[in-house]
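Student: Each chain, letter by letter, is given below.
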Amino acid sequence: AQSVSQHNHHVILSEAASLELGCNYSYGGTVNLFWYVQYPGQHLQLLLKYFSGDPLVKGIKGFEAEFIKSKFSFNLRKPSVQWSDTAEYFCAVRGAGTASKLTFGTGTRLQVTL
Amino acid sequence: GAGVSQSPSNKVTEKGKDVELRCDPISGHTALYWYRQSLGQGLEFLIYFQGNSAPDKSGLPSDRFSAERTGGSVSTLTIQRTQQEDSAVYLCASSLTGQPQHFGDGTRLSIL
Numbered sequence: 124a125q126s127v128s129q130h131n132h133h134v135i136l137s138e139a140a141s142l143e144l145g146c147n148y149s150y151g152g153t154v155n156l157f158w159y160v161q162y163p164g165q166h167l168q169l170l171l172k173y174f175s176g177d178p179l180v181k182g183i184k185g186f187e188a189e190f191i192k193s194k195f196s197f198n199l200r201k202p203s204v205q206w207s208d209t210a211e212y213f214c215a216v217r218g219a220g221t222a223s224k225l226t227f228g229t230g231t232r233l234q235v236t237l
Numbered sequence: 351g352a353g354v355s356q357s358p359s360n361k362v363t364e365k366g367k368d369v370e371l372r373c374d375p376i377s378g379h380t381a382l383y384w385y386r387q388s389l390g391q392g393l394e395f396l397i398y399f400q401g402n403s404a405p406d407k408s409g410l411p412s413d414r415f416s417a418e419r420t421g422g423s424v425s426t427l428t429i430q431r432t433q434q435e436d437s438a439v440y441l442c443a444s445s446l447t448g449q450p451q452h453f454g455d456g457t458r459l460s461i462l
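For the record, the sequence lines run as chains D and Z.
When you read off a place in the first sequence, starting at 1, and then add 123, the result is the number in this note's numbering.
When you read off a place in the second sequence, starting at 1, and then add 350, the result is the number in this note's numbering.
With the rest of the complex left out, here is chain Z:
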């Protein structure tokens, strides 16, 4: 069946611009997660949505980062006023409650 889908696969933008990254989770998965994978930092948790509960935003590195999940399905991660240190691969994962997370291919973000 279809896995976690992320778009775009690659994004190059200039410093200071805003970017939006999209995640389509596996159908029926109630939990959705965003992580960031960068050199020297490994995989870092950003934010987590579970059903209709308030999201766990504890991993967002600054107030320039935000995310929403509409209708319990698709999620968008927004980075405002991008900085060079935002360059990374942004990974989305989804799961059923208590089950292992399934990851997408990621969006490679490059800030010039």
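Same shape as in the complex, but just chain D:
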């Protein structure tokens, strides 16, 4: 069965600090990988996705993620966080080329302080 692990449950950073959120997955096949973000009081929004090709993908708001197949990882990074990045971040996986269900990690709550 597929699964996703997000090891950081709650991260507190000061503005301008660099961010890296870990995501590891388990899946027996080729995958599509996603990061979603949920700002307070808002719905889940797609931050970025990996389908194929360049393993370094760039998303909205300066976020990027790197797919490392050998490590089954898809870590999220941002060089300099802003207070407005305070949100919950979810990593998700599904079989490649399908419209099947997403399997989500348990989420990482990011708190950015001024």
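Bear in mind the hints are in silico, worked out from the structure with no lab data behind them.
Hints are not guaranteed to be accurate.
Unchecked claim - Cut-off 35 Å, straight-line C-alpha distance, at most; resulting in silico cross-link-like pairs (DSBU-like, lysine-lysine):
#, chain 1, residue 1, chain 2, residue 2
1, D, Lys181, D, Lys194
2, D, Lys172, Z, Lys407
3, Z, Lys407, Z, Lys365
4, Z, Lys407, D, Lys192
5, Z, Lys361, D, Lys184
As the list claims (entries may be wrong) - Coverage of chain D stretches by chain Z, computed from C-beta distances (three or more under 8 Å per stretch; other residues unrestricted):
#, segment
6, 160-174
7, 223-237
No residue lacks a Cβ here, since even glycine has one placed at the ideal position from N, Cα and C.
Starting from the structure of chain D, add chain Z where the hints point.
Tutor: Showing chain Z alone in chain D's frame:
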């Protein structure tokens, strides 16, 4: 354009009652999904519809849960004889085949 619309946004009901939650997907999206978000459980898949194919019901937690999608568009998730452990935010998402899912704001269900 319009996103995924869910109603009601909040629902409070007594234990044992039946509830219906509604999802209006983005127009033209062939795939529709229901998930549940609860404390300690994260986001759990419930059911998935793709076009005219039989739905994937593998995530439904019990036979008290059912869903239908009429005319390939609007979907209704029904929970019969609600229990307190059913309290959660129920999320609907839709997508074009193979594309990322777009989520609605969810229905917050509270069982007293």
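Student: Against each hint, give a clear statement of whether it holds in the structure.
Tutor: We went through each hint and held it up to the structure:
1. D:Lys181 x D:Lys194: This hinted pair holds, its Cα atoms lying about 20 Å apart.
2. D:Lys172 x Z:Lys407: holds, 26 Å
3. Z:Lys407 x Z:Lys365: Holds, because 24 Å separates the two Cα atoms, which is no more than 35 Å.
4. Z:Lys407 x D:Lys192: holds, 30 Å
5. Z:Lys361 x D:Lys184: The hint holds at about 34 Å.
6. 160-174: As far as the segment 160-174 of chain D goes, the hint holds, because 6 residues have Cβ atoms under 8 Å from chain Z.
7. 223-237: holds (count 8)
The structure agrees with every numbered hint stated previously.
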